[in-house]
Every structure is written in structure tokens, then in C-alpha cells.
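> Okay, here's what each chain looks like letter by letter:
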Amino acid sequence: MASAQAVAAPGVLARVRRNAWLYRRCLGAHLRSTLEYEADFWIMSVSAVIAQGVGIVFLWAIFGSIPEINGWTFWDVAMIYALVVLSEGLSVLFAQGAWSMAFTVNLGGFDALLLRPFSPVLQVLSSEIGMNGLGNVALGGALLGVSVAHVDVAWTPATIALFVVLVVSAALVKVGLNTATNAAAFWIKTPWSMFAFSMHTFGELARFPITIYGIGVRLALSVVLPYAFMSYFPAQAVLSTGTAHWLGFLTPLVAVWCLVLGALVFRRGMLRYESAGN
Amino acid sequence: MRCVSLIEVAQLRKVFRRADKKPGLAGSVRHLVERRFVDKVAVDDIDLRVEAGEAVAYVGPNGAGKSTTVKMLTGVLVPTSGTVHVEGRVPHKDRIANARRVGVVFGQRTQLWWDLPVRDSLELLRDMHGLSDADYRRNLERLDATLGLAELLPVTARKLSLGQRMRADLAAALVHTPPIVFLDEPTIGLDIAVKDRVRAFVRELVAEGTTVMLTTHDLGDIEDICRRLVIIDQGRIVYDGDIGTVVETYARERTMHFSVAEAPASLAGIAARLPDAAVAEGPSDAQLDVTFDPAVVSSARVLAAVQAEADVVDLRIDEPAIEDVVRRVYAGELGAGGMQ
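These protein sequences, in sequence, are chains B and X.
Quick note on numbering: the first sequence equals residues 1 to 278 in the numbering used here.
Quick note on numbering: the second sequence equals residues 1001 to 1340 in the numbering used here.
The set of hints was computed from the structure by calculation and includes no laboratory data.
Heads up, a few of these hints could be off.
Claimed, not checked - A few chain B residues facing chain X, derived, Cβ under 8 Å:
1) Arg15
2) Arg17
3) Ala29
4) Asp152
5) Glu274
To be verified - To list a few chain X residues with every Cβ distance to chain B over 10 Å, as calculated:
6) Gln1111
7) Pro1117
8) Asp1120
9) Ala1193
Backbone N, C-alpha and C fix where the C-beta goes; we use that ideal spot for every residue, glycine too.
Chain X extracted, bound-state conformation:
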């Protein structure tokens, strides 16, 4: 038998049927008589393999099909066609066995019992997962250390603030120490302090060997945690590979910001010395920016060119960010199937 990956997705597809109504009340009434539907393809034949211990960032614009994918991977949604295997199991068929091995956080919606104190929710989960008291207590202490859980335990879930709720939700999803964790926008709407806490926590999980699939809009989450990047757009995977490679290939340009003693009369002199770079005025008179591709023009040449024309006081370099790549995908520069 061939070597099997931890998560195997083949030709996965999800189509939702939506009512095709004309706008307004008249449209709705008409729909009652003459029912018309349109198919919306949320996930369009994707293939994906994730090995044990990998940390994968799954990104894409709103409505790209990220959450739908995660919902199929966790057994919440039944695929229209194609296959999903997690540890060899089909999540939506072998739901209970799957739930014991997987932890899931949906940032948009809580999984705690709304009307119960956090402690009761966690204890119910303890019993559902069949954890021993000793294991449960040990895990809770661990979670308390990183998430500051103790203060939340007596609070009813509905009374938690967003940040508190996310911490409690993470604890609920991880109380059984699952080897596979899906995080769907775990930092959405959180302030910087809580965000950092959540990221540190996830980084720790990855370091321990937990397989993590992280869906997010926040690129800070990705750079901190993941090595592999999967970009989805309009239901198709448009990139799947190393984050560093993407940056080198698609976000090669960097910008040098110069502060000079005296503003040069014209930038033309510098521009003439650097035909392959873009020279522009900075935010103030005594500043200028040079944007260039290090593979074409070296940083040293840029510096030398500017120094020849002006008296450089200070300089700062902006490294390329993963954000730039994803922004280009969002903007449609890299169409579906254009990479890979």
C-alpha cells in the first residue's frame, strides 16, 4: 500500500444550492410559484495532503471556500463529491472517532454551551472524550498557564467578552489534547494582547508536534506559525508550497527608505544611476524611497547610487511580506491555476 498522509483530500467539491430570487417582495412571491435555483460552487475540486506535524496556513479572500473546506475536513459538512480522509477515516461518516482525534475552533462561533459556565462545558467535554480525572486536571493546568483560564471557569459562556470567549473556546477544543487541530480565524476581532497570547499558544502546539491547519485573514498569524502556505481563491487552490519560496518569487521587491541631510534638487540623478529601480519622493522633503529587486540590483549599488547624489543620514529597509503575495492573489494578478 502507498504511504498515506495524515490528511488526504482528493477532488473535493462542495456545491450549495441557493434560491434564485428576483429582488423585493414580488420576487419572493414569484419564487414560491416558479422555483429557480442556482448552484454556487464553494469548493471546486481541490486536492490536498497534509503530513503529521505540519503547520499549514490556509488563506484566501472572503468567500474563497476556506471555511467550507475546514467544515468538510472536520465532518460538519458532507462533500458534494470527492473524498476526505483524516488518519484514514472519513470524518462525516466516522464522526465520533474523528472528534476524539481532532480539535476545532471556529472563530466566528462558539462551541461552548451558551448557557453553561465554562467549567461545566469543559467537564462535559471531559466526560464525552472519556478523559481520566488526572489527565483532565493536567491538561487544564497547562491550558490555564498559557490561556489564563482560571478566571474564566465560573463565567457563563454568554457573558464572556470576545477575547475571553476565544480563550475558553481554544481550551474546549484542546482539552483532549488532539493530535490534529483546525483553527478557523482564531484571532478574528481580538485585540493585540490576546492575539499575541493565542499565537504563542498555537506556536507551542506546533512545536510539540501537533498538526495544525490555520485559516486566517491576519497575515501576522501565518508568518509566526506556519511554514507551508496554501492559497485558495474561488474554490480552487492557486498556490501550495513553502512560505519563503512564495515571498522570493512573488514578493521580491524591497524598498529602501533614505533620510538625507538636504533634499536633492531632483531625483533624476539617482534615477539615472539606477535604471532598474523605482525612485520616489519620501513622505517629507528630506526623505526618498528606492524600490528594487535584489536579484537585479544589489542593495550596495542602491546605497552607492544614493550616496553619490545625496548625503545619507539614515536608512531603513522594508522586507517583503507574505501579505504582498496574498494581496496580489486577492487583486486577481495570480488567477486560478496560474501557479502551482
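Looking at chain B on its own, in the form it has when it is part of the complex:
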């Protein structure tokens, strides 16, 4: 039997490449097992479309009685919506595992992750593939397709590139925040992710122009847990509207910050991990 060889400390780039490759391998393995249940896949996708679609119907109804909110028309807000649904979809598709943390950590399954030679936080995030994310991406794409025709943006290759960067960054903002909020599982000893879910629900407020809220909510959504950077701010940057639309260009930086925050909270939590039984 060949002996396992300790790999010499690799360079940063090599480490990033290895982690990305292993992440893709884990997701791929779960994709295959998920696809075995075809009915599940369709039910999840359709549910996702319904869940997000309800919000759009609600929006339609509101704008049916008032022409605009704080200077934002229906199609402007539909843009924000499209952005949220798209980036949410990407985060669900590629990092749904964050939501399994409460279960894994508090029922002792976390032990196994700590015994494998791969970053525990990446193992958690890649432990599930959220096929309902595809439903989100499809709906978000369609909504975007319709709303771009109605908003006042000159679509050049530069704005398209900017938009792609913003959507990906927005998804990473959500992944970072999901990781940070779900890591509460290391402190809250229940197998349910109620805390993270309540934060997620709070983040839904940023589907509307956040200028309609008071200063407290605005600060919370843009500084404390910057959910607005997955919706309102990047939309502002694309539409070039609002008082400080340049803030949206910071989305990639905010994404990095959120990912670092998620990793830090997770690491702190890991030190508290008590396994189950003894």
C-alpha cells in the first residue's frame, strides 16, 4: 500500500486552485445524487418560481395604485427584484450547504468534516446543491429581460460586464452573510436555522428602495448586515439613479468583506464546537 504523503506547503495560488477544484468536486457529487430524484427537482424549481413570483405580483399590485415610490417606478423596482432573485438563485445553487449548518453542528455530524483534509467551511457550503436555485435564476433572468426594456439604461458591453460583476458579487454577499448568520449554530444549540432565517427575512426589506425606511433600518441593511448590497445598491449603480449610486460599485469589496466575516464567525464558532455525546 502506498503511504499517504504529506504535501509540502503549497503556494497561495495552488491552494486556491485546489480548494476551488475540491469545491466543484463536492458540488458535482451532490448534483449527481440530487438528479436521481427527478420529481424533487421539478417540485423544487416550480416552488422557487412561485415563491419569488408572489413578490412580483405583490409589487405589481402596489404600483397599480401608486405610480412611484420615492422616485422609483415599477420597472426600476423590478430591476432590483431581478437582481435579488438572480443573486439569491446563484447563492442557493452553489452554496446552499450554509443552511445545513444548524443540523450538522448540533447533531454531531460536524465531526466528520473536521477529520477530512479540506477546509471545514468549504465542506459545509458545498454539502448541498440547491436545485431550486435554477428556478430562481430562470425567473430572475426573465424578469431582467423584461425590465431592461423599460428602464433608462444604455446597454453597452461595459454596462453588461458591470452588471455581471455586480450579480456575481451580490451572490457572494449573500453567501458570506448566510455563512455568518448560520454559524450562529455554534452558539445556539438547536438543529434549526431560525436565527439565520430571521436575518434572511430581514434582508428581504432591501428588495425595495431602502430610502423608504428610517435611518436605523437603512444602517442595518447597508452596514451591519449589508443585505442591500445584493439588491438596492447594485441596482442603483446600474440605473445611475439615487443620491449615492456610486455606492453600488463597492459591491465587490463588500462581497469580500462579507466572505471574510463569514469565515471569521465560522472559525470562532469552530473553537466552541463540542461535538455530541462523549
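Model the placement of chain X on the given structure of chain B, informed by the hints.
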């Protein structure tokens, strides 16, 4: 620098904080307002050294702190105080390097991906450990030969029976041929056939020079595999030494079971000839048992004494078992710190 052991544990301690609640709903509600906690010391300042190639049995009653120790040795739990070094590394700090050198099986809980076929789990581990295809295939063939793995490969982990799961778990823990292996109750709940298979497999590992630390309740596992015995009770190590020595010191008594042609009217005659042994009636009329310490009374004297009083047809001797020692520790006869 002094000579360093493969595994070095010094003053290792783990304290869990548990909520101190009064029973019932009222107690729980009260706890919300008036939070009280109690410290539970699971592992209490233990010292341990294991050299390369050793096979160590780590035993003790439920809740003695066995699994907690193993979890600290493998980096799953962070010690409250004290130090752990495995090959000079601190497992919970240098987790990934440690995981490459160590294989761990927890009998109570699987480490396979629950929703994946066994084959996918093993292939993911292959990639995480960075094994070459050739190495992986060779190891898999080896594991298949002893564990009968082939039939399990296409099965999703959640659909495996307990015995199948344990075989797959062993394969997952050993696919990278680690030089150090921790087995925490690897035969729990298994039937005799699978148990034998697992034991044979572990014996083979030990023969190859793998360092093995085995935690178990099943004393059959120990006698088969390990030479060194460490007994833990209430978080403290109460014995650490050779298994044979323990048996000689603490399980010296053996029992001779006699079948006789005709039951003697009274056992008093035999008892009078053997004042240092215990003579008792056997399970039937024509049987009797003599329990004695060979260091005090020789087997020959026992046999002669019985033969003088009865017509011996057959006899059988029960050798002392490690079980007897551990049972005495469990029963509290050898208190913490009483030996060593």
C-alpha cells in the same frame, strides 16, 4: 532535544459546561431567567505517550471520557487545557496536515456523505487526500479483499445496514493508508461474522506497523489486537501497562471445573484439603468447581485433592480474562489513582 513519542498527551483536560436546570417545564423557564451552569469534567488531566507501531486498547465504562479523549487527539475537540501532539503537530490547530496522517472511525456515527453512494464518498476522499489514481486503485483492492467492499460501492450510505456501514466507514478512514489509526468502538452493534472480519482487518493493520488506538467495550477486540491496555475511569487514567501483567496481577484466580463419576456426599472433605481455594457445587450434581490462585495453590495440588475425594471423569480450566480486571475497575474496586 528529548526523544519525542508519536502521540504525546500532557495534562490534558476537557470540561463541558452544562445547563443546571430543575426538572420539568418550570425548571426550564426558570433557567431562562436565572442561568446556572455546572462544569462536567470529562477528561481530567491525563498524560499518555504512544510510540510508533504500538496497538493500545483504551477502555473504560460509559462516560469515562474515552471518546472525548479520542476527539481531542484527532482535533475534533479543542482541549480546555493541557497539550496534545501527534507527530509533533497540534491536531486542532494543524487540522488538515493532521487529517492526512490519521485515520479515524467513530462506530456510533458515520463519516461517509449520507446522501452519496459509497464510491462517490471514497473518490471525494481520494481527491481531498490527493491520492494518485494508481495508489487509490491499489488501496481499494486491498480494502476490498479484507472488507468485501465491492458490493457496497454503488449503495447510497443511508441505505447501508450497520455492518455494511462499518465496513464502508473503515474503508473511508483508511483509503489514504494513514500511519496512525483511531478506532472508537468499531465493532459496536455488529454481528459475530462482521466483528471477526473487522478484528482480522485491524490485526492486519497492526502487523503492518500501523499505530492503532482502539476504544471499545468489547473485550474480545482487545485481547485479539492490543498488547497495551489503558483504563480510564471518571476522566482519569487508572491503569496503563501490559495486558498480560494486568491479568497476572488482578485476574490471577482461575477456576477448575470437574465432572465426577458420583457426586460426593459433602464438599467439606475437598475443602479441608484445599484451605486456600474456594470449593463450590457445579451446575449439576456430578459437577464441582474449585477457584484458586495458582501462585498459592498449584493446579496439581487441586487435582490431587479432588481425586482423593472423588472419581474425576473430566476437567476444564477457565483462564483469567482481561474482562475480569476491567469489571473490577468498573465496579469501583480499583479507584482512580489506585494503580499505576
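> Can you name, in rising order, the numbers of the hints this structure does not satisfy?
Structure breaks hints 1, 2, 4, 6, 7, 8.
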